[in-house]
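Single-letter residue listing:
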Amino acid sequence: MSESKEAMMAVSNKTTIDVASLPGVVILAGASAVTRMPTEVFSKGACSFLAELSKALLNDAKSKLWPDVVSFAYWCRRSNIDAERRARESRLCNHLGRGIAFHITPSNVPVNFAFSWAFSLLAGNSSVVRVPSRPFAQIDAILNVVQPLLQEYPEVLCRSTFVRYPASSGATELISTFSDVRVIWGGDSTVAAVRSCPCMPRCVDVCFSDRYSIAVLGARGIAQMNGEELSKVAHAFYNDTYLMDQNACSSPQTVVWQGDQESIQEARAVFWAAVRSEVHKRYELQPAIVMDKYVQACSDLIKNRVSGVERHDGYLTTAELSKAHALSELNRGTGGYFYEKSVGDFSEVLDAVDERYQTITFAGIDGEDLRRQVLRCRARGIDRVVPLGQAMNLGLLWDGYDLVETLSRKIARV
Amino acid sequence: MFDPVELMGGAPYSLPAEEKRRRMEQGLSELTQHHYHNCPEYARLLDGLGTDAKSCYTLEEFPMLPVRLFKEFDLKSVSQDKVAKTLTSSGTSGQSVSRIFLSKENTRVQSRVLAQIIASYIGKARLPLLILDTEQVKRDRTMYSARGAGIIGFSTFGRNVFFALDANMQLRVDEVKDWLRSHAGEPILLFGYTYMLWQFVVRALEESDATFGIDDGYLFHIGGWKKLRDQAVEPEEFNNRAQSVLGNITVHNYYGMAEQLGSVFVECECGHMHCSNYSDVIIRRFEDLAVADDGERGFVELLSLLPTSYPGHVIVTEDEGQILGEDDCPCGRLGKYFKLHGRIKGAEVRGCSDTYERK
Numbered sequence: 001m002s003e004s005k006e007a008m009m010a011v012s013n014k015t016t017i018d019v020a021s022l023p024g025v026v027i028l029a030g031a032s033a034v035t036r037m038p039t040e041v042f043s044k045g046a047c048s049f050l051a052e053l054s055k056a057l058l059n060d061a062k063s064k065l066w067p068d069v070v071s072f073a074y075w076c077r078r079s080n081i082d083a084e085r086r087a088r089e090s091r092l093c094n095h096l097g098r099g100i101a102f103h104i105t106p107s108n109v110p111v112n113f114a115f116s117w118a119f120s121l122l123a124g125n126s127s128v129v130r131v132p133s134r135p136f137a138q139i140d141a142i143l144n145v146v147q148p149l150l151q152e153y154p155e156v157l158c159r160s161t162f163v164r165y166p167a168s169s170g171a172t173e174l175i176s177t178f179s180d181v182r183v184i185w186g187g188d189s190t191v192a193a194v195r196s197c198p199c200m201p202r203c204v205d206v207c208f209s210d211r212y213s214i215a216v217l218g219a220r221g222i223a224q225m226n227g228e229e230l231s232k233v234a235h236a237f238y239n240d241t242y243l244m245d246q247n248a249c250s251s252p253q254t255v256v257w258q259g260d261q262e263s264i265q266e267a268r269a270v271f272w273a274a275v276r277s278e279v280h281k282r283y284e285l286q287p288a289i290v291m292d293k294y295v296q297a298c299s300d301l302i303k304n305r306v307s308g309v310e311r312h313d314g315y316l317t318t319a320e321l322s323k324a325h326a327l328s329e330l331n332r333g334t335g336g337y338f339y340e341k342s343v344g345d346f347s348e349v350l351d352a353v354d355e356r357y358q359t360i361t362f363a364g365i366d367g368e369d370l371r372r373q374v375l376r377c378r379a380r381g382i383d384r385v386v387p388l389g390q391a392m393n394l395g396l397l398w399d400g401y402d403l404v405e406t407l408s409r410k411i412a413r414v
Numbered sequence: 001m002f003d004p005v006e007l008m009g010g011a012p013y014s015l016p017a018e019e020k021r022r023r024m025e026q027g028l029s030e031l032t033q034h035h036y037h038n039c040p041e042y043a044r045l046l047d048g049l050g051t052d053a054k055s056c057y058t059l060e061e062f063p064m065l066p067v068r069l070f071k072e073f074d075l076k077s078v079s080q081d082k083v084a085k086t087l088t089s090s091g092t093s094g095q096s097v098s099r100i101f102l103s104k105e106n107t108r109v110q111s112r113v114l115a116q117i118i119a120s121y122i123g124k125a126r127l128p129l130l131i132l133d134t135e136q137v138k139r140d141r142t143m144y145s146a147r148g149a150g151i152i153g154f155s156t157f158g159r160n161v162f163f164a165l166d167a168n169m170q171l172r173v174d175e176v177k178d179w180l181r182s183h184a185g186e187p188i189l190l191f192g193y194t195y196m197l198w199q200f201v202v203r204a205l206e207e208s209d210a211t212f213g214i215d216d217g218y219l220f221h222i223g224g225w226k227k228l229r230d231q232a233v234e235p236e237e238f239n240n241r242a243q244s245v246l247g248n249i250t251v252h253n254y255y256g257m258a259e260q261l262g263s264v265f266v267e268c269e270c271g272h273m274h275c276s277n278y279s280d281v282i283i284r285r286f287e288d289l290a291v292a293d294d295g296e297r298g299f300v301e302l303l304s305l306l307p308t309s310y311p312g313h314v315i316v317t318e319d320e321g322q323i324l325g326e327d328d329c330p331c332g333r334l335g336k337y338f339k340l341h342g343r344i345k346g347a348e349v350r351g352c353s354d355t356y357e358r359k
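As given, the protein sequences belong to chains A and B, one line each in that order. Going by the working numbering, the first residue of the first sequence is number 1, and it counts up by one from there. Going by the working numbering, the first residue of the second sequence is number 1, and it counts up by one from there.
Some hints could be false.
Said to hold, decoys possible - Calculated pairs, BS3-like style, for lysine-lysine (alpha carbon to alpha carbon, straight line, at most 25 Å): (1) B:K71 x B:K345; (2) A:K232 x A:K281; (3) B:K85 x B:K71; (4) B:K345 x A:K281; (5) B:K71 x A:K303; (6) B:K104 x B:K85.
Keep in mind the hints are simulated off the structure, nothing from the lab.
Chain A extracted, bound-state conformation (with noise of 0.2 Å):
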C-alpha cells in the first residue's frame, strides 16, 4: 500500500482533521481542527451566524469602508438568506452536507473567499479556506469580525478554518487527501493544478474554470432613453466592467447590438458617450493601459480579428468584430477595450456561443426574451441572463450550479 493512501485511510477514520498541525499552514481566523461530521442544509446554526454576521460588518467601522465587503455582508443578512432557504426548501429539505469542503479562492479578489465559505456553511459543510496571499484590506476587515463571533457559535467554529500557506508547502496536496469536496476558483490552470492533486474516491470537485461574458443591448431601447436612464445603464455597465479592469468572468467583453442598422447607430452613440462621461468621472487611468490598448488595437487589426477601431480617447477604445467573427473568440479587454457586434437578432450569434460563456448582462431589451432563446437555442453556454450592473453579484445560482445543492448529498427514499 502506498503511503499516500496509508495516510488516507488513517484520515477517514477521524472525525475531526487537524488543520494547524500541516506543514506551511498559518491559521488566521477559525478552528485549528475541523469537524467532518456534515450538518442538514440551511441549519439554523449557519443562518443565525450568518445574520449576525451581516450586522456585525455592516457595524463595523473598517468593515464598512469596502463596497465589496458591504455587498457580501448585505448578502449574508437574514431576509436574503431566508428567501434563499424558502426557494429551496421543498427541494433540498431532506439534504446532508458532503463534510470537509476546500476553497481555493481566486488570488485577487478579495472577498470571494467569504462567499464561497458562507455557501459551504449554508450547504452543511465544514470549511478549510486558503485565502489569497497577497494582502488584502478587506481580508483582515472581514476575518476581525469573524473572529470573535465565531467564538459565539461553537458549532460555526468546529466548521471553520481559514489559512494561508506558502504554494511550495505541499498544503494543497494534503488538504486534498481528506477533502469531500473541492471548490476550485481561479480558472484554468488553477483547476488543473488543483485537480492533478489526489483525493479521496468520493470527493466532489466544484470548478470554476475561465469564463466568457457578454452584453446584449437593444439599439432602440437604448435610443430612447432620455438622460436620467442612459447615465443608469452606464454607470451599470461602469460596475460591470471598469471596476474589474474587464477581468472578472462575468465582465462583459463583447457589446452585442440588436436592432436596424439606424438605431444601432444612434445607440451607439449615445451609449459610449455616457459610459464615457461616467468613466472620466470615476476611472483612474494609468498610462500602461492607454498603450496596452492601443497595443491591442493594432494586433487586432493586422490579424483581421476586427474591421475597425474606435479610439473614442485614452479611457475608452471600441473595436468592431470582422464579419468572420461571429463573436470575439474569448478575446479579452482590459480596462475599456469592448469588442463590438451590431446583429439584427441575437439568435444570430448563438450559434458561436460555447461552454465557455458565462453570463449574458442586458439593458434595452427584455431579459425574459434573451433567457427563452438560450433555452430554446440549446445553447452549450450561458448560465446567467442578468441586468446590466448586476454582473459581479456573486450569488448561491452560478456558473450553472445550484451551489447549495452541489456541496451537498441528497437522502433518497422511494
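Knowing the structure of chain A, use the given hints to seat chain B on it.
Quick look at chain B alone, frame taken from chain A:
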C-alpha cells in the same frame, strides 16, 4: 527609394526646424507608401486605423506602430531571401523577443548614418577602441542579439579593439593598462552598456582603488537607466564618477532602439539628447496619445528615415520623455532635444483572472 543621406544632406545636426520638417515629411511619406505596399500586416493596420497611405502627411499624422508589435508579428517589407540578418532583442519585459528583419541595404544605411553621427563628435579618424564589455557577447552571430550587434556596429569606428572584461565579467585591469600605455598620447574611444560599464568597470575600479588615467578620449554608452535609478545614481553622478576613474574623457550617453538602429540620439555636452537630421521625436500624452506640449511628459514616439526592410520608421515606445527645446541648445546642434525618464510603469489591473501562485 530616396537616399536618406542625400535627402537630409550635410552635417547630421544641420537642418533648421522648418526645412527639416519639410524633408522628413517627404521621406517618411515615401517610406509609409513603401511599407504599405510591401508589408501586408502594416497595410491592414493602416486600413483599419483609417489612415490610408496618402502621399503626404504632417509629422504628427503618421500612423504609429507600437514597438511591442515587433514581438508579436514578423514585420518585414522585403521578401525573406532579401533578409540578410535578423536582429533580436528581448527588452526588459522578458520572454518575448522582438525580431527586426534587416536587408543588406538597410544595414548599410544604418552604418553610414551612425558613422556620420559619431564622427560629428569624435572626428573621422579611427581611434583606439576600448570596449567595456566581454568579447563573449559577439560570439553567437547567427541570431545576433542587440548587445552583440551594438558592439560589432560600434567597432567600425575604432581600431586595435580591446575588450576590458574577461569571460567572467572581471575587469582585466593590468591588461587594459598595458593596452593604454601602447596608445599613449592618442585619444581613446570607449564604448559600453550603461549599467554593465557602471557595475563591472566604474564600480570595480572604485573598489580596487584603481584608475585608468586616460589623458584624452570619448566614452559612448547606451542602455537602460532603471537599475542605476534603483541605486539612486543620476546621470551627473554617473559622469563624474566615470571620469574620476577612467580619466579625462567626454561622456556621451545615447539612446537608440533595436527597431531603429543607426539613427541614434546622442547626449551633448549640455546633457541633452539630440535628434539628428535623420530622426525626430514626438511626445504623446498619456491620457490619449495626442501630441503633448513642449515640456510635458508622455510616451516617446520615434521617427527615423532609415528603416526600409521593416516598417519601423514611425514607432511609439513605452518610454517616458519630454521635449526640452528645438534648434536652441547651447551646444549649437540643430534639431529637437529631449529628456528621457525611463520605461513607464506596467499596469496594475484588478480582477479575477487566472492568478494561481505557482511553485
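Each hint, compared with the structure:
1. B:K71 x B:K345: Holds - the C-alpha atoms of K345 of chain B and K71 of chain B are around 19 Å apart, at most 25 Å.
2. A:K232 x A:K281: 14 Å, holds
3. B:K85 x B:K71: Holds - the C-alpha atoms of K71 of chain B and K85 of chain B are around 16 Å apart, at most 25 Å.
4. B:K345 x A:K281: With a Cα-Cα distance of about 23 Å, the restraint between K345 of chain B and K281 of chain A holds, given a limit of 25 Å.
5. B:K71 x A:K303: It holds: about 14 Å lies between the C-alpha atoms, which stays within 25 Å.
6. B:K104 x B:K85: 8 Å, holds
Checked against the numbered hints given earlier, the structure satisfies every one of them.
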